[in-house]
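Chains Z and R, in that order, give the protein sequences. Basically the numbering used here = 1-based index in the first sequence + 2. Basically the numbering used here = 1-based index in the second sequence + 2.
Calculated directly from the structure, the hints in this document are not laboratory data. Being a predicted model, the structure only gives us computed values, none of them experimental. A couple of the hints might just be wrong.
Intra- or inter-copy, both count: the list cannot distinguish identical chains.
Stated by the list, open to error - Below, a list of computed lysine-lysine pairs in the DSS-like style, where the Cα atoms sit at most 30 Å apart:
| # | residue 1 | residue 2 |
| --- | --- | --- |
| 1 | 208 | 305 |
| 2 | 352 | 272 |
| 3 | 738 | 118 |
| 4 | 100 | 305 |
| 5 | 581 | 391 |
Number of protein chains: 2
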Amino acid sequence: MKDYFKHHPWHIIEEGFNPHYNKIAESVFSIGNGRMGQRANFEEAYSGETLQGSYVAGVYYPDKTRVGWWKNGYPEYFAKVLNAPTWISVHVTIENQKLDLATCKVEAFRRVLDMKTGLLSRSFVATLPDGKRLKVNAQRFCSMAKGEVGAIRYAITPLNFSSKATLSLFIDADVKNTDSNYDEKFWTEVYKHAEEGECLVTAETKKTFFHVCSGMRYFIEEEGKEVKGRINTELREKFAGNVIQVDLNEGKELIVYKYAAILSSENHPKEKLVEHCQQILQNLQQTGFERLLTGHAAVWEHKWNECDITINGDVAAQQGIRFNIFQLTQTYTGEDQRLNIGPKGFTGEKYGGSTYWDTEAYCLPFYLGTAEQKVARNLLVYRYKHLQKAIENAQKLGFKDGAALYPMVTMNGEECHNEWEITFEEIHRNGAIAYAIYDYIRYTGDEDYLVEFGLEVLIGISRFWAQRVNWSDDKQKYVMLGVTGPNEYENNVNNNWYTNYMATWTLSYTKESLAYVKSKDSKAWKAIISKVSFSEEELAQWDSIVDQMYFPEDAKRGVFLQQDGFLDKELLPVSQLSKEDRPLNQKWSWDRILRSCFIKQADVLQGLYFFEERFDKEMIKRNFDFYEPMTVHESSLSPCVHSILAAKLGYEEKAYEMYLRTARLDLDDYNNDTEDGCHITSMAGTWLSIIKGFGGMRVRDGQLHLHPFIPAQWNSYSFKIRFRNSVIKVQVEKAKTTVTLDSGDPLNVSINDFLTSVH
Amino acid sequence: MKDYFKHHPWHIIEEGFNPHYNKIAESVFSIGNGRMGQRANFEEAYSGETLQGSYVAGVYYPDKTRVGWWKNGYPEYFAKVLNAPTWISVHVTIENQKLDLATCKVEAFRRVLDMKTGLLSRSFVATLPDGKRLKVNAQRFCSMAKGEVGAIRYAITPLNFSSKATLSLFIDADVKNTDSNYDEKFWTEVYKHAEEGECLVTAETKKTFFHVCSGMRYFIEEEGKEVKGRINTELREKFAGNVIQVDLNEGKELIVYKYAAILSSENHPKEKLVEHCQQILQNLQQTGFERLLTGHAAVWEHKWNECDITINGDVAAQQGIRFNIFQLTQTYTGEDQRLNIGPKGFTGEKYGGSTYWDTEAYCLPFYLGTAEQKVARNLLVYRYKHLQKAIENAQKLGFKDGAALYPMVTMNGEECHNEWEITFEEIHRNGAIAYAIYDYIRYTGDEDYLVEFGLEVLIGISRFWAQRVNWSDDKQKYVMLGVTGPNEYENNVNNNWYTNYMATWTLSYTKESLAYVKSKDSKAWKAIISKVSFSEEELAQWDSIVDQMYFPEDAKRGVFLQQDGFLDKELLPVSQLSKEDRPLNQKWSWDRILRSCFIKQADVLQGLYFFEERFDKEMIKRNFDFYEPMTVHESSLSPCVHSILAAKLGYEEKAYEMYLRTARLDLDDYNNDTEDGCHITSMAGTWLSIIKGFGGMRVRDGQLHLHPFIPAQWNSYSFKIRFRNSVIKVQVEKAKTTVTLDSGDPLNVSINDFLTSVH
């Protein structure tokens with residue numbers, strides 16, 4: 003479906019109604035504001051194929067785990083982001099005919115997401131079964147200025163008739179998840195209320211007992227004058243609405259403004275939810291749609307001012323990168339330490355909306371480079387707050403003495419994933435969480451973070467590594483058995499190089515951090531040491547592991563080995579696979595994938611990407627040349643790492659090829675799965691490909707370094723990036739690179755190894 | 003619950019009613035006849051804890067697979083043995099009080115399974131809530147003489163009252179499985195009929211459309227005279243019954259004879275089921291309970307005459323081994339090539355009643371040694387009939403050109419198991435199926451089996467091995483990556499010694515078999531070669547694999563290595579585990595188990611057991627001494643192999659210790675899981691421990707060899723064993739072993755390496 007959405011630098015545009023692509027469009031046109039998200043479901047009734055999705059950040063349901071054979075240590079539940087009570091509905095009935103695009107003739111359908119202002123618009127002309135034609139123009143947004151608020155402007159113009167019409171505006175909590183293991187509904191009713199002009203429903207999630215109060219008010223006008231129709235209130239189970247009889251007059255636009263407030267018990271006392279919701283609704287109605295939109299758009303203007311990327315000479319690329327930035331920005335705003343970034347953000351149910359290592363490994367640099375420091379910091383604090391749960395999780399698996407294993411997938415710090423080869427073995431995630439602390443401090447210089455939160459997390463993770471290795475009498479080295487690396491096309495391998503490296507790096511970094519905190523703030527150090535009962539003997543053991551860890555390598559080729567026994571495989575390049583074999587995960591049985599040499603996503607190369615300054619370029623090159631040809635990139639998180647390394651190695655075409663694989667992943671539905679939601683976390687990888695790949699951005703010794711190149715396909719590109727107290731703009735042209743200060747303090751930037759003062 | 007059942011050489015005895023142990027007793031007192039099986043559920047109503055189980059051989063339901071994350075190649079269903087329409091019920095109501103042992107006072111409860119005659123008896127005195135006391139004496143059996151028949155004698159004696167009573171006799175197909183993935187019922191109604199004295203229900207399984215027609219007739223008498231009560235017929239959904247008003251007279255025994263016929267569409271045309279069922283029922287009633295029982299007991303007498311084991315000086319051991327022989331004999335009679343032996347036989351739903359490699363590796367030798375040749379042969383033919391499905395199964399995983407991978411778990415030849423590490427990787431099962439052909443021919447001398455069925459199977463399996471290995475450039479050897487060996491506490495390992503050995507052995511044996519068939523019957527050879535499109539080039543490739551296969555070993559210790567990297571583990575004996583750690587599969591997380599050295603069941607040792615003549619005793623000893631101390635025997639299939647090897651190595655105490663672990667596994671509910679059903683397949687292991695372990699029985703060069711020893715705890719023991727055209731009796735005493743011919747042809751037997759003529 004390449005080019006289904008029209009190219010435009012700031013807009014995503016769909017022209018013509020194609021029910022077959024509707025679920026894809028519902029994902030792509032999703033809007034959100036960090037507190038809530040809404041798929042682009044229609045306001046009017048729709049009996050066609052749709053994935054209904056309203057999401058409220060932090061509200062989840064622990065759906066009972068479904069497994070083949072239970073294994074000891076499996077979690078009891080898989081947390082699922084919930085399809086929450088719907089607030090967008092404006093159902094229209096004219097002379098017993100429902101306005102329903104699945105049953106009407108639809109013309110002039112046009113849907114536009116204006117990324118600059120965060121406004122979703124949709125217009126169409128529908129012909130009802132009896133021939134009545136009406137034009138609809140709908141707009142909506144989830145306010146970036148007011149986190150709990152959504153607003154809709156729904157305008158109806160009868161084109162060839164005048165008639166009575168019935169409008170049904172409601173809140174409906176009788177919704178279900180598509181992804182429900184045992185086909186249950188997850189909400190029960192707590193409270194409902196309907197009066198003329200205002201309706202509320204408070205629903206409670208089963209088991210987790212979150213309350214969500216969703217309320218609506220509305221205002222109807224024609225030619226600038228309020229329309230007061232005959233109103234009936236409607237109360238059903240989990241449902242509260244108004245049914246309004248209005249007159250539609252030929253050629254005249256009737257506008258419905260619907261204001262919604264969605265409050266959760268995460269942010270309000272349960273007993274105050276209704277009261278607060280009513281206050282907000284009143285306020286919304288007084289403010290009105292236009293002023294709300296202005297406030298919302300102003301936030302977007304501010305955001306874009308700090309993080310836009312422009313690409314000259316390639317509108318598709320321009321649209322692609324802005325779409326990625328837009329989605330990431332509306333998914334996570336960094337204002338709430340309890341929230342994080344699900345792989346699908348607020349655009350679908352898949353992967354349960356939970357937190358994966360994607361956040362630390364891929365998303366963190368995006369927020370570091372595009373938002374205030376606290377945004378990235380809060381992502382770290384999220385994990386700090388889960389430290390106790392990570393310790394309990396490790397205990398469940400048999401670890402002790404404060405060893406912490408962060409979960410593979412989580413909503414509240416507890417593990418939700420239930421495949422042993424991932425849950426128990428894909429432990430490199432623990433390293434990514436340690437690395438993120440290092441990465442954050444390197445970028446921001448905020449070393450106090452170690453004192454306040456970081457060191458405790460590092461100690462917990464290091465203790466895990468120290469217990470997870472064992473001494474091999476045979477090798478006379480420490481080994482790490484039974485792990486799954488980032489390349490999930492290998493399971494339960496021994497001595498995954500990446501994981502072993504992560505482990506020893508964490509031990510060393512924790513040791514340094516202990517020393518740093520001790521020297522910087524010995525009181526704080528003592529408090530931490532005492533809180534976690536840390537002993538010097540642990541350090542000695544860590545040293546011993548760092549000194550004597552085993553790392554598989556192929557001396558002949560001069561490369562690190564992904565794991566023990568990798569060279570026993572039949573080593574083939576991906577180029578020798580036939581088209582019918584791809585993607586492997588759909589065409590091959592699992593055992594065949596496991597036995598093959600083919601790599602799902604960067605593994606050894608992920609380590610070389612994270613720690614590139616520790617390896618010379620020739621070593622990186624040898625490994626890249628060995629592994630990249632065997633890599634199928636069947637994770638959307640894979641290409642970016644290869645793009646960045648390729649750029650570093652001067653493989654400019656490869657870098658661009660890798661960039662292209664994710665830049666328009668969802669807009670062009672490359673993987674045939676955008677209908678499930680957008681690949682939010684991999685969008686950060688696309689950003690990384692430009693900034694760290696093409697731009698060559700690095701931070702070393704507290705300074706920004708740039709090594710830009712420009713893909714042959716582009717005329718020029720520019721990006722804004724926030725670094726500490728400055729926002730700079732980097733303009734890359736064929737002939738030269740210009741770096742200017744956009745706002746904040748002057749600073750020195752190393753450009754192609756020349757230190758330049760930017761002011 | 004050791005010693006809950008009373009010790010007795012021929013009987014299993016329960017005295018006193020203990021509802022807490024009822025499900026265990028239901029398993030232990032199960033009866034069957036190869037065509038059907040019945041847990042020891044009560045005839046009268048019972049509102050306490052129970053696992054209702056009536057099973058009809060070959061009738062299953064493909065329950066929708068339940069998995070966490072779907073993997074390509076997984077089967078769509080898991081076949082389940084069905085709890086079939088119940089035929090045993092005799093419900094008794096006296097003045098509105100149901101006779102129900104959960105609500106009555108129960109005295110003098112006694113349940114006896116007479117293994118000699120296959121008769122289950124139960125007697126008790128119940129006091130109804132209003133004080134009425136009655137004595138019940140119930141007997142039943144599933145006829146070994148008539149496969150589709152069950153008969154019940156249910157006698158009621160009112161002890162302190164005379165009164166009207168209502169008897170409800172029925173067939174009820176409105177039953178469900180406890181093990182149902184989505185809590186469905188699996189039967190629908192096809193036909194029902196109730197008239198005075200006869201009721202039938204034909205039910206159909208969903209999806210598989212098996213029909214089972216269950217019918218009943220009955221006869222009621224008092225003091226030798228027929229009692230004709232007032233009869234009402236009762237028809238409900240999937241239910242047909244008679245409700246009979248009778249007079250109970252104080253002190254007089256009222257006897258209900260209920261005859262049931264259970265016919266399946268596997269054995270009768272669907273349209274004839276009802277007719278045939280009615281014919282059988284009529285015949286049953288004419289024959290009567292006593293004569294039916296006589297016929298049934300005669301079959302048992304014949305069976306015992308060929309396969310009994312006596313143990314002198316240890317009643318518990320005597321009872322244990324007879325219980326094992328009894329269960330195995332009533333589970334599989336070898337008359338139907340479509341049937342096989344589920345891990346729980348007809349005693350429970352667990353493991354789906356499907357076929358595992360248990361059959362070939364453990365059960366086959368039991369049937370070889372205790373039953374006519376055709377019984378074991380039919381077990382092989384069962385796999386022959388599934389060859390095409392095994393080829394399709396291999397194709398699903400990416401294999402080609404007639405490679406066959408037999409399923410891990412199956413009902414009809416299709417794979418049912420859905421954990422990748424087992425389904426796709428525990429491929430050694432394929433080797434066991436090849437080995438069983440060798441084992442059968444070695445025991446019986448029936449080399450014609452190769453011509454008729456065996457060779458085709460061997461070629462399919464060999465082709466699988468030839469494709470499953472790959473050439474390692476690094477090792478300059480063939481390797482086999484990503485397998486799970488018999489020790490399921492390791493998953494996805496490389497070069498499992500046992501599997502590699504099995505593979506090369508199969509290739510060699512298939513080559514020999516090809517040569518044998520060619521020389522014996524070149525026409526048949528040509529037909530097979532042409533049918534399977536066999537080419538000589540394949541043989542050359544097999545030779546190359548056999549010559550250049552890699553086998554991991556520890557040269558220093560002189561042992562084979564279970565798999566690559568085994569020596570990287572921390573090698574600890576089980577004796578260093580604390581009690582709280584055991585059993586590992588309940589106390590440890592899966593990842594901890596996988597990383598540990600601990601072994602679930604014989605792996606390298608399984609190979610040494612199968613191929614002991616290819617290794618010298620010292621080699622076997624070194625491996626036994628290395629692996630056995632690390633073995634936790636958490637599979638009920640583990641101890642027997644160790645018992646046999648220990649016996650061979652002269653570790654007599656160890657052999658006896660291992661024997662004890664399974665001999666009374668179910669009678670003493672060692673593993674706290676007998677309530678789910680009995681461990682039928684591991685019972686064959688117990689038999690093996692005595693015959694091959696203590697008795698040292700082997701077949702070499704077409705002759706029986708014995709090397710008996712007697713455990714210190716016993717005075718003497720004897721066993722009967724069928725070998726080709728002879729049944730011999732081996733009597734082992736402290737001082738001497740006596741071998742006598744029990745029936746059939748005289749033969750030579752090697753006893754402690756001295757050839758002895760037995761006549």
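Structure-based check of each hint:
1. 208 to 305: neither (37 Å within a copy, 59 Å between copies)
2. 352 to 272: This pair counts as within: shortest intra-copy Cα distance 29 Å, inter-copy 46 Å.
3. 738 to 118: This pair counts as within: shortest intra-copy Cα distance 28 Å, inter-copy 98 Å.
4. 100 to 305: For residue 100 and residue 305, neither the intra-copy (40 Å) nor the inter-copy (76 Å) Cα distance is at most 30 Å.
5. 581 to 391: The answer is between: 28 Å across copies meets 30 Å, while 45 Å in one copy does not.
The structure is inconsistent with the numbered hints 1 and 4, although it conforms to all the rest.
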